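Trainee: Chains as they are written, first to last, in this note's numbering: chain H, 182 to 565; chain A, 988 to 1170.
Hints in this document: simulated from the structure, not taken from any laboratory. Each hint should be verified, as a subset may be incorrect.
Claimed, not checked - Computed far set for chain H versus chain A, every beta-carbon distance over 10 angstroms:
| hint | residue |
| --- | --- |
| 1 | 195 |
| 2 | 204 |
| 3 | 258 |
| 4 | 268 |
| 5 | 428 |
| 6 | 502 |
Stated by the list, open to error - To give an idea of the interface, some chain H residues facing chain A are shown, with a C-beta separation under 7 angstroms as derived from the structure:
| hint | residue |
| --- | --- |
| 7 | 324 |
| 8 | 343 |
| 9 | 547 |
To be verified - Taking CB as the label site, the calculated pair distances span:
| hint | chain 1 | residue 1 | chain 2 | residue 2 | range |
| --- | --- | --- | --- | --- | --- |
| 10 | A | 1082 | H | 524 | 20 to 28 angstroms |
| 11 | A | 1012 | H | 215 | 29 to 37 angstroms |
| 12 | H | 334 | A | 1072 | 19 to 27 angstroms |
| 13 | A | 1137 | H | 417 | 53 to 61 angstroms |
Quick caveat, the model's predicted, so the values are computed rather than measured. We put the CB at the ideal spot given by N, CA and C, even for glycine.
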Amino acid sequence: MRIGIVSPYSFDVPGGVQNHIVDLAEALIDLGHTVSVLAPADEDADHPPYVVPAGRALPLPYNGSVARIAFGPVSTARVRRWLARGQFDVLHVHEPLTLSLSMLAVLSSRGPVVATFHTAITRSRALAAAQGLLQMVVEKITARIAVSELARKVQVEHLGGGAVEIPNGVAVAKFATAAPLPDWPGTGGTLGFLGRFTEARKGFPLLRTAFVTLARRRPGLRLLVAGPGHRDDLYDDVPADLHDRITFLGLVSEADKARMLRSVDVYVAPNTGGESFGMILTEAMAAGAAIAASDLDAFRRVLDGGRAGALFRTGDADALTALLDDLLDDPARRAELAACARSVVGAFDWPSVAGRVLEVYATAIEATDGRVLDAEWAEPRPGA
Amino acid sequence: MPGMWWVVSAVTLIVVLSAYLVWTAHRVERVHRRAQSATRALDAHLLRRAAAAAVVAERADSVELYAAARLALDAGPEEREAAENDLTRQLATVGLTGTDDAGRALIVISRRVVLARQVHTDLVRDALTARRRPLVRLLRMARGYERPRYFDIVEPVMPQLPPASRPVAVPAPAGPVEAVAHL
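Taking the hints into account, I'd like the entire structure generated from these sequences.
Mentor: Here it is, written out as structure tokens:
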């Protein structure tokens, strides 16, 4: 199958949607399909061979983060050229309701279009105001995928359409086999956190409170933090004598992320909301870490109702402290959580997720043609 | 010359208006064509499901399942929805495992029925939304197209994919059904 994928966000900066697209493209290529990814990106930068850069993008604040997107006449021309050259059987756009390459591609497309919705925007003035434009975009989409139950609910409520729920995939093998960082996790207990610790909804202050309390009682306890942000923002609210017990890695590459997750005893996800899926949880599960997470709906689902990771009341620092206290003292419980996590995460492995995405591609193509294809489309086709 | 301006504005207005009308007519045509294609695809998937179910029924000697599959295949447009619902119910009681080829093929097709129906519902909704637009109603732009209908069946449960081993051959609707019919 010839598949064209469009990323709304720039490949020059890392991000969840970008990673999703790269992993999906690679899984599809492994299954024998031809894939081209159009993304805002610097032409001179180093990209995988299947990525077609569409030029630099403008930074715009969106949904609490900064998104780098491209929109305008030059981008439109590039999208059209790419579509004409690609002759795709199916066009797969991500987040088509943002002003982006994705929206341009949908409006310029003539064939079957599959759209994936990542964000769970609970209430958006932009959505309500631009209903006319959005209806035009929606009318061109054939099949919709939502990466989480929450994202699907937004679909149903705001756009009145259904969506197939297919979770984010995770490259399980890459995480399961990574080597821990030297000297980690050590024997005194190690907690881990990955993400924007300055962003309120990621809930880092809860973990900081819990860590400060626990570190007083446990002389060997250490905290490993990775993510974008300035180190001063991380250390400023921590008593000076505990600074050497917190290690800050800064922004890490995908490979270092896997090593970081392999280096902790307990991975902590104290998010207070706004998380549409909990990608990092599946990665921590694949890496074999025991997980302590706030009991958000999305997290509860990923963690199989709490079997594959321990849950605490969202936003409750005392509950988190107590939970971590228990987990650090109980290696058997940690091993049990990790073992369960490893079996649950199999459903999120990219080959199986890509197979489900291919079913949706085939459905979209058939709904456009009115003819039913051979079922082998969803299977590897060597040499295709 | 004020008269000149009137002419220019009127011509501009007419050009813009007719461009908008042509564009809207295209849009109405497109959403209807899409809904029709989706209906055909859903129809084909339902036939495949019934055929695959008949094969499974034959292997398992299940009279009820075979009867439900046969009724779904033969149902006219009026009783189609009820017949497909019956088949869905029968399949739920059978409990698909996907341990043999026929069962695995049936699971693969049942999943596609769920997806095809989802897409069909969305595309029909888009077409109905387009028909409701005031301009479309006023100029009766949709009169050349049959009003798309939702296919109103209970949501079939999406069975788990069978463990991927090798490509699953899906029987064409005609072949296996005849084989069963001659029993």
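Trainee: Each hint: holds or not?
Mentor: Hint check:
1. 195: holds, 31 angstroms
2. 204: Fine: 18 angstroms to the nearest Cβ keeps residue 204(H) off the interface.
3. 258: The claim holds: residue 258(H) sits with its nearest Cβ about 21 angstroms from chain A, beyond 10 angstroms.
4. 268: holds, 20 angstroms
5. 428: holds, 41 angstroms
6. 502: Residue 502(H) is indeed farther than 10 angstroms from all Cβ atoms of chain A, at 39 angstroms.
7. 324: holds, 5 angstroms
8. 343: holds, 5 angstroms
9. 547: Nearest chain A Cβ about 4 angstroms off; hint holds.
10. 1082(A) / 524(H): 20 to 28 angstroms: holds, 22 angstroms
11. 1012(A) / 215(H): 29 to 37 angstroms: Given about 36 angstroms between the Cβ atoms, the range holds.
12. 334(H) / 1072(A): 19 to 27 angstroms: holds, 26 angstroms
13. 1137(A) / 417(H): 53 to 61 angstroms: Taking Cβ atoms as reference, residue 1137(A) and residue 417(H) lie about 58 angstroms apart, which means the hint holds.
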